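Engineer: One letter stands for each residue in the lines below.
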Amino acid sequence: MLITIKYFGQIAEVTQKEEESLEFSGVLISELLEHIYSKYNALKNEGFQIAQNQELVSLETKLSGKEIALLPPFAGG
Amino acid sequence: MTNKKIKNVFRQGAISSEFIGDSIAKHQTKTSIGAHNIFLGQVRADIIDNKTVSAIEYTAYEDMANAKFHDIRETAFEKFELTCMHIYHSLGTVKAGEICLFVFVSSPRRKVVFEALEFIVEAVKADVPVFGKEIFEDESHQWKVNK
Numbered sequence: 001m002l003i004t005i006k007y008f009g010q011i012a013e014v015t016q017k018e019e020e021s022l023e024f025s026g027v028l029i030s031e032l033l034e035h036i037y038s039k040y041n042a043l044k045n046e047g048f049q050i051a052q053n054q055e056l057v058s059l060e061t062k063l064s065g066k067e068i069a070l071l072p073p074f075a076g077g
Numbered sequence: 001m002t003n004k005k006i007k008n009v010f011r012q013g014a015i016s017s018e019f020i021g022d023s024i025a026k027h028q029t030k031t032s033i034g035a036h037n038i039f040l041g042q043v044r045a046d047i048i049d050n051k052t053v054s055a056i057e058y059t060a061y062e063d064m065a066n067a068k069f070h071d072i073r074e075t076a077f078e079k080f081e082l083t084c085m086h087i088y089h090s091l092g093t094v095k096a097g098e099i100c101l102f103v104f105v106s107s108p109r110r111k112v113v114f115e116a117l118e119f120i121v122e123a124v125k126a127d128v129p130v131f132g133k134e135i136f137e138d139e140s141h142q143w144k145v146n147k
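Chains as they are written, first to last, in my numbering: chain G, 1 to 77; chain R, 1 to 147.
If we strip away everything but chain G, and leave its shape as in the complex, we get (with noise of 0.2 Å):
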């Protein structure tokens, strides 16, 4: 399936970019993000939580095709 991804803060300046579409033929988050390490390694040394659709989700959550997004942690206020 087609996934976008979206990256922000800290996590958008180790991807040099702030969204991504892939082809992508795995079943959980955690096949997507073992993918997404494989291609910025640095990543993990970075902190975030992983929303799929809008909803933080854990990493065995299936993947549904929704838009993920990788986030930092929270800043506001």
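Because the hints were derived from the structure by calculation, they are not lab data.
Mixed in with the good hints, there may be bad ones.
A short list of chain R residues far from chain G (calculated; beta carbon distances all over 10 Å) [unchecked claim]: (1) 18; (2) 21; (3) 35; (4) 54.
When the alpha-carbon atoms are kept at most 27 Å apart in a straight line, the in silico DSS-like pairs for lysine-lysine are as follows [unchecked claim]: (5) 17(G) <-> 125(R); (6) 17(G) <-> 66(G); (7) 6(G) <-> 147(R); (8) 62(G) <-> 17(G); (9) 44(G) <-> 133(R); (10) 17(G) <-> 95(R); (11) 66(G) <-> 125(R); (12) 6(G) <-> 66(G); (13) 66(G) <-> 7(R); (14) 125(R) <-> 5(R); (15) 125(R) <-> 6(G); (16) 79(R) <-> 5(R); (17) 133(R) <-> 39(G); (18) 6(G) <-> 5(R); (19) 44(G) <-> 17(G); (20) 17(G) <-> 133(R); (21) 6(G) <-> 133(R); (22) 6(G) <-> 7(R); (23) 147(R) <-> 44(G); (24) 51(R) <-> 133(R).
The structure presented is a predicted model; accordingly, all values stated were derived computationally and were not measured.
Using N, Cα and C, we set each Cβ at its ideal position, and we do this for glycine too.
Starting from the structure of chain G, add chain R where the hints point.
Structural biologist: The following block gives chain R in isolation, referenced to the frame of chain G:
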């Protein structure tokens, strides 16, 4: 007086004292209100390793952030007897000393607004995907993390 439509909470740049003053003035027609409470988040000139923060540049996952602000708003109206509430958050550059968050709650009675305001501000800090790049005077930066 909840509003099901998701509002855009974000404002470009600092939130001015004129904007805050106007917001207060607009409530003078709502005479069932007996108490307002306001939280203003201000950018602090923290000193880290001898370097002073001169501004914070805010970005956000805007769609998710506005949805989260909406959830916080709905929950606050369920939990507290509020007449109205408003939240505004900055995007882009806000200099040290300027306002980046404005939360405004109103109720017939005072006790409610103290509790509601704390609930809302803590939820905003914990749940909303907003990111802050702390810019130092020498133009280097680090990323802010809410504690």
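Engineer: The structure should be examined with respect to each hint, and the outcome stated for every one.
Structural biologist: Cross-check of the supplied hints:
no., hint, in the structure
1, 18, "holds, 21 Å"
2, 21, "holds, 21 Å"
3, 35, "holds, 22 Å"
4, 54, "holds, 16 Å"
5, 17(G) <-> 125(R), "holds, 26 Å"
6, 17(G) <-> 66(G), "holds, 19 Å"
7, 6(G) <-> 147(R), "holds, 24 Å"
8, 62(G) <-> 17(G), "holds, 25 Å"
9, 44(G) <-> 133(R), "holds, 20 Å"
10, 17(G) <-> 95(R), "holds, 26 Å"
11, 66(G) <-> 125(R), "holds, 26 Å"
12, 6(G) <-> 66(G), "holds, 11 Å"
13, 66(G) <-> 7(R), "holds, 22 Å"
14, 125(R) <-> 5(R), "holds, 22 Å"
15, 125(R) <-> 6(G), "holds, 21 Å"
16, 79(R) <-> 5(R), "holds, 19 Å"
17, 133(R) <-> 39(G), "holds, 24 Å"
18, 6(G) <-> 5(R), "holds, 25 Å"
19, 44(G) <-> 17(G), "holds, 17 Å"
20, 17(G) <-> 133(R), "holds, 16 Å"
21, 6(G) <-> 133(R), "holds, 18 Å"
22, 6(G) <-> 7(R), "holds, 22 Å"
23, 147(R) <-> 44(G), "holds, 22 Å"
24, 51(R) <-> 133(R), "holds, 14 Å"
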